[in-house]
Amino acid sequence: MKNCLGMINLSENDGAFGVLCQNRPTSMLPFAGRYRVIDFMLSNMVNSGINNIGVFTGNKVRSVMDHLGSGQPWDLDRKINGLFLFTPTYDYTSINAKVGDLDLFFQNKSFVKNAKQEHLFFAKSYMLANIDLSQAYEDYIASGADIAIVYKKVSDVKNRFIGCDKINFSEAGEFVSIGHNLGMEEDFNLSLEMYFMKKTVYFDLLFDSVEKGNANYLKQAILNNLGKYKVHTIEYKGYVSCINSIRNYFDANMAILNPEISNELFFEHGHIFTKVKDEPSTHYMKNAKVKNSFIANGCQIDGYVENSIIFRGVKIEKGCIVRNSIIMQKTHIDENVHLNYTILDKRTTINQGVTLIGDPSLPYIGGKKAVISKEGNL
Amino acid sequence: MKNCLGMINLSENDGAFGVLCQNRPTSMLPFAGRYRVIDFMLSNMVNSGINNIGVFTGNKVRSVMDHLGSGQPWDLDRKINGLFLFTPTYDYTSINAKVGDLDLFFQNKSFVKNAKQEHLFFAKSYMLANIDLSQAYEDYIASGADIAIVYKKVSDVKNRFIGCDKINFSEAGEFVSIGHNLGMEEDFNLSLEMYFMKKTVYFDLLFDSVEKGNANYLKQAILNNLGKYKVHTIEYKGYVSCINSIRNYFDANMAILNPEISNELFFEHGHIFTKVKDEPSTHYMKNAKVKNSFIANGCQIDGYVENSIIFRGVKIEKGCIVRNSIIMQKTHIDENVHLNYTILDKRTTINQGVTLIGDPSLPYIGGKKAVISKEGNL
Amino acid sequence: MKEGKMIAMLLAGGQGSRLKLLTKEVAKPAVPFGGKYRIIDFPLSNCSNSNIFDVGILTQYKPYQLNSHIGIGSAWDLDRRSGGVRILPPYTNEQGGRWYKGTANAIFENISFVDELDPEFVLILSGDHIYKMDYSKMLDFHIAKKADITISVIQVPWDETSRFGILNVDEDNFITEFEEKPKHAKSNLASMGIYIFNWKLLRAYLIAEEKKAESAGDFGKDIIPQMKADGKKTYAYQFEGYWKDVGTVKSYWEANMDLLSEDNELDLYDSNWKIYTKNKHLPPQYISCGASVANSLINEGCKIEGNVENSVLFNEIHIKNTSNVNSTVILSGVTIEENCNIYNAVIMEDVVIKAGTTIGSPDSDVVYLVSKNKIIESE
Amino acid sequence: MKEGKMIAMLLAGGQGSRLKLLTKEVAKPAVPFGGKYRIIDFPLSNCSNSNIFDVGILTQYKPYQLNSHIGIGSAWDLDRRSGGVRILPPYTNEQGGRWYKGTANAIFENISFVDELDPEFVLILSGDHIYKMDYSKMLDFHIAKKADITISVIQVPWDETSRFGILNVDEDNFITEFEEKPKHAKSNLASMGIYIFNWKLLRAYLIAEEKKAESAGDFGKDIIPQMKADGKKTYAYQFEGYWKDVGTVKSYWEANMDLLSEDNELDLYDSNWKIYTKNKHLPPQYISCGASVANSLINEGCKIEGNVENSVLFNEIHIKNTSNVNSTVILSGVTIEENCNIYNAVIMEDVVIKAGTTIGSPDSDVVYLVSKNKIIESE
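Chains as they are written, first to last, in the working numbering: chain H, 1 to 378; chain X, 1 to 378; chain E, 1 to 379; chain F, 1 to 379.
Note that these hints are calculated values from the structure, not bench results. Keep in mind that a hint or two might mislead.
[To be verified] Restricting the straight-line Cα-Cα distance to at most 27 Å, the calculated cross-link-like pairs of lysine-lysine (DSS-like) are:
#, chain 1, residue 1, chain 2, residue 2
1, H, Lys286, E, Lys132
2, F, Lys354, F, Lys274
3, F, Lys181, X, Lys286
4, X, Lys330, F, Lys280
5, H, Lys198, H, Lys153
No experiment lies behind these values; they were computed from the predicted model shown.
Could you build all of it, start to finish, from the sequences and the hints given here?
In C-alpha cells:
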C-alpha cells in the first residue's frame, strides 16, 4: 500500500465524554489497559503498509503531540514519508465559520499535493478494529472506482451505534446514500467512515466544495457529487467497536475480557503499537485474588480484582475490592477501597476505605489526578 | 548543564519582515546559506549540554514543526528529556487578552514542574550568536543569584539595535533596570534577552504575576520584583547579530562574508546543527565566476556571483550576474538575469533576462515560490 | 580530550557455560531475567540513568540475539546522532583476523573507537551482573581521589571470599593489595569487575601490554597489577546494594526468586531508576475466571487459567486450567497444558509442557532446567 | 514467509587492495567518492529508494570506519524499529571463531538473521560499485519470469569482456552459459554481482554447499553453477545506465572526473533518486575575492582562495592564494598552501601540501595518489 496516503482526522465530537475528554480528544482516550483509541487505526495503517500518514488534530493538540511524538512506536519517524501532524490554524480575518474537516484539509492541501502517493485513505479513530486495510485497498483498486467506502452489516443493534453513519443501498444492491443512524432499525449497514479515494478525485471534491461553499465535511462533498463518480462499497466482516459515548467506551473495554474479541483485536492482522512506558512485570502479591481481568504491566496488586481493566502502573492495596471497573495508568487505590462500575482516569488517588459504586449504564467517573478520600475530595 | 532546562520563546515580533515572515516566524528565517535563525540558539544549548528544551511557538506553528520535527538534527529525539513544542492554546471563555509570553508559560507550567532540572535558561532566537552557555551558567551558579541576565557592551551603534532591550547600571555598577533602546546612545549595554533563573523563583514570578495581573511578559515580572531577588549580570564578549528588521537581516547575512565572523559563528563553541537536506556537491560549471560568496551544497552555478549568500539547491544559469544578494533554497535563476541587492525566498523562479535591483537600505524581495518574468509576474 | 567526559566499554563476549542450555544459543549477557529483561539491560540502563550516552559493546560469542536485542539502542535512549551505543565485534586487518584474547585486549583492538569519542575517562563494565548503580557517583569518587584507577567493590559474606578477587584497602579506600580467590582473605571486599580509568593512561598501558608476548591481555591479571607495580593510584569504591553474578542455573533461579520478596533490594518499581529493555508490543495479561495467582511476577501477553504461585513469568505464556506452577521461572512463549504440576523449575523459551506432566516436588530444593528436548537437574 | 518481501544482503568485507593507500585504513565500500559520499552510499541509497528497508551488511576487513559511517542507518532512513540496517560481522560459537570464507559462506553464517526477517526473496549486493538502480524493477522481472535466480547484467565494451564474468542468454534473457573472464566472449553481458534468489531455495543450497569440504563458499564459483547444473531457472536482468567498478586508483580518479561532465549519466542532482550519506553539519563553502573556480564540484566547509579547475573537492578543504588545482580529487580536510601547482592527483584526507609544491603536469596522464607520507604514481 505504499501508493496510498493515510489521513486520520481527529476532530471527532467528544462532548459525550464529560471529564474524560476535558483535555483530550476521543482519539486519545486510554483503552484496554495500555493503548489509546488512535493506536488501532495507526497500527492498522502501518501493518497494512501505509507509511505516509497525516493526522489532523482538533484543538486539544497537547495530548496528541505527547502521545504521537515523532511516530517512533509506529516506525513512522522517517526522513521520507512518516507521520505528520496538522494543527488547526486560526484565521480571524475570514468571515466563514470554520466547521468540519474540509477547511482543515484545504489549509494543508500541500501535504497531499506533494505526497508521491496516488491514492488516499481517510479514517477516523473512534471506529476501533484490527482490520487488514491492504485487502480492502486491493478490492478498491480492482473495482476501478473513484471512491470506496468501508461498511459493516450490523444486526440486532436497536439503540446502539446511535449517531453513526449508515450506508443505504437500493434494492438492486447499489450504493445510494449515507444517512444518520437514529437507532430505528434492528439491522443496518454501518459506515466505518473509512474512505479510499483517488488523489485527483480528492482535489476535485475539495476545490469544488470550497468554491461552491456547499460542504463542510468530506462526506458531504462526496454526497454532493455522487453522480459524478464511481463509488464502490467494501464490506468488513470483523469486530468493530464504536467509541462515541461513555456507555460505548465502557462496553468496548469490557468486551476485551472475551478472549475471542481480544484475540481478534490484538493479533488478527498484526500487533497494535503504542507509546512505550518501560514498566516492570506486574507483581501479584500475597493477598492478590484476580478473576476475569485484563491487567497491564507495572501493576502491584494485593487486593481482589474481578471483571476489570487495569492500566499500567496501578497499585491496588490489600483489602480492596475492585469489580467491573476501568482503572487507568498510575492510579493508587489504598487499603479497603470498594469499587464497582467505576472509571478512574490517570493518576487518581483513592484513599483508605472509600466506596464508589456506579451503574453499567453510567459508571462512576473519577477525573484525572483526582484525590478521593472518605472525608471528601481533598 | 544537565541541571538546566532550556526555554525558547518564539513569539517574537515579525511584523518588520513583510512577505519574508508571511508564513514563518522570525526564528524560521533562512540564514547563512543553510540554516534557520533558531538553529543557533538550539545548537548553543545542545553544545553546552542542555538536553531538555521547551520551544514555545507563536501562531505560525506549521513552519516550526516542519523544521524542528522530533529534534533529530540536534540529537534531541530522546525518550528522557529532549525537545518539546508548545503551541498556543485558544480559550474563548477568558476575558483577559492573551498578550506576552507569561500566559503561554502558565498554560504549560507542568512541563517545567515535571522537569527534573532545578534551573531554567530562557532565550529568544533572534539574538544570533555562537555562545558558550556553560560558561555563563557556571558564572550564574557561582554568583548564587536568583536571576542572571546576559548582556553585551555595544559601542558605536547609534541607530542600530533599535527596539532592543538595554540594561542600565547604577554608577556603582549595580544592575538597575531594563529599558528600551531608541538609538540615542553611541554605546550601551544590550540585553541578549537570555535569562538564567532558579525554578523556584520562576514559579514565584509566574504565579505572582498571574494572580496580580500586572505583567504579560517574563521580563516585566522580573522588573516588578527586582527588590525581592538577587539579580546577577553576565557580560558576553563575542559576536552577536540581532535579526529584527529586513535591514538587520540583510546585514547579518552579509557579515558572514567576513571570515573572522563566519569562523566565530560556525566553529567557535561547537558546530551549528540544522535539518539535513542530502544535497550533492555544488557544481561550478564552465562559465562560473564566483567572488567573495558563501555557497551551500547542491547548487549548479554557471553565471557570475559576487558578495552573495546562495542557499542549498540554487541554480544560476549562464549569463547571469548576481551581486550583493541572498538567494534562498531551490531558487532557479534562468539565463541573463541581473540581480543586485535582492533577497529571493525559497523556490523562486526568475525567468530569462529579468533585472531586479534593490538598495542596501531596503533590498528587493521576491516572495516564496514567486515566478518573475520579463512579461510581468506570471 | 573532552574534559570530564566518560564513556563505557561493556564486555559482553562471555559464554557463561555454567548456565548450560541457557547460554547454548546466546551469550550470557543476553540471557533473559526478571520477567522481561535480559541481563545486559542492567548495565545498559545504569549507563543511560547515569548520563553516560556513549557505550561500546564488545561482543564475540554468538552475538546474534544480543545484536537483535540492542538494535540501535533506542530502548535505552542510546540511539544518538553521534556516539550512542555501538556493537564492537572482532575484525580482520592486513595481518588477518584477530579475535579478542582477553578483556584488556578487546579494548586494545578498539582504541580507535575510543579515540574518536575522545573521553577523559573510560568505564569498563561486564554484561554479567544484576545490579543498579549510579556510575556518575563512582566517577565523582574517582575525581575526588585523583585516582588513576578506581575499582568498584562490594562486601561479600566472609565464607564466600574464596570465590572472588579480594581487595585489601586502607582507611582512605586506597588499595593496598589484590588477592585472587584467597583461601584466607584479609578483607571481604570483592571486585565487581567495574573499573574507571583515565583514558590517556589506560591507552598507554594497553599498547605496552600488547607488546608483551606472554600477556593474557586481561585487566585483572595484567593491566591492573602492572599499573599497581608502577605506583599508579588505585582506589576502591565501595558499592552498597543488590549485586548478583548469576553464574549457575541455581543462582539464576534464586536471583529471579529474590524479586518476589516485596521489599527486595533491587526494587524494579523505582521510577527514578528504570530498567529499560526492548519492547515487544504485546497486549496486557489476561487472568481468567478460574485462575489463581499469588506472589508472582507476570508479563504482557500471558493468559493464566491455572494456579500460579511464587513464580516469575515472562511474555506470552499460557497456563491452562487445573495446572499448578510453583517457585518456577518461565521464559517467553511457553505453554503449560492441563493438569501439570511444576515445582522449582526454569522453563526455557517456547517449550510446551504436555498435559499431565509433573516436574520437581514441593519437598525438594533441586532446581530443574527444562528445554525442548531435555530436563537437567541443577548442580 | 512474508509474501513478496525482499531483503538485501550487502557484501562489504572486501579490501580492494588495488586501490592501495585508499584502502589502507578502510574497506573498499568505505572509500570516499564524488565529493561527499562513500562507495557504499550508492547501494544503500538504492535500497532505500527501492523501498527495501531491511539490509544486512556483511563486514570483515577493517570495519571501523564503515560502522561509524553507517551508525544506526539514519542517513538512509534505515533506522527502523524492527529490521532496518544491521552490521553482520563474523562471530564465534562453541566451535570457535569463524571468519567468512567466501560470499556465499558469509550469507550461510547469517541464516538466522535472514530467517528472523522472514523474506520471500533475498537480494545479494556488493559494496564496490558506483551506480543508481531500482532493485524493485529487477524483482518485478524476477517474479514475472518465475525465476529461481536473477542476475543483473550490463553491456560492457567488447574489448573488456575478458575482465568480467560473461553471461550468454537466449532471446528471453534465460541464461544459457557462464564464462568467467573469457578470451573470446560470445556476449558482452557482464555480471554486476547483483543477484535475486528465492530465499527458501538459496537457504537449502547454502546448507548443502557448506557440507562440501572443497567448496570456496562463493556465489559465482559454487552456488550458481550448482543451481544451474540442477536445472534451476536462471535469468539475466539487463541494466542500462552508469555502472562503474572503481578497482584501481586510475579508474577511481576517472569515475570522479566523470561527474564533471554536465550531462553525466549518474546525475547526482536527481531529487527522485537521492544518494544519501552521513551528514557532517558544516557551514557552506566560501569562495574568496581572489579565487577562481570552474568546472568543479566543491563541498561544505571549503575555503577557496586559489584557482580550481576540473576538480572534485570534498569537505573542509582550504586552497590558499595563488595555488592552482587542476583535474584533481581532494578528500576531506586537506590544506593546499600558497603557490602550489597540482595536476591529475588524488589527495588523501588531512594531507597538508606545503607551499610551492608541484605535483603532476598538464601534459601527462599519470595520476598521482598523495598521502601524508608519500606520493604513488598510478599503474
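For each hint, the structure was consulted:
1. For the hint pairing lysine 286 (chain H) with lysine 132 (chain E), the CA-to-CA distance comes to about 26 Å; that is within 27 Å, so the pair holds.
2. Restraint check for lysine 354 (chain F) and lysine 274 (chain F): the C-alpha separation of about 37 Å exceeds 27 Å, so the hint is violated.
3. Distance restraint check for lysine 181 (chain F) and lysine 286 (chain X): the Cα-Cα separation of roughly 40 Å exceeds the 27 Å cut-off, and the hinted pair is therefore not satisfied.
4. Under the criterion of a C-alpha separation no larger than 27 Å, the hint pairing lysine 330 (chain X) with lysine 280 (chain F) is consistent with the structure, at around 21 Å.
5. Simply put, lysine 198 (chain H) and lysine 153 (chain H) have alpha-carbon atoms about 25 Å apart, close enough for the 27 Å limit, and the pair holds.
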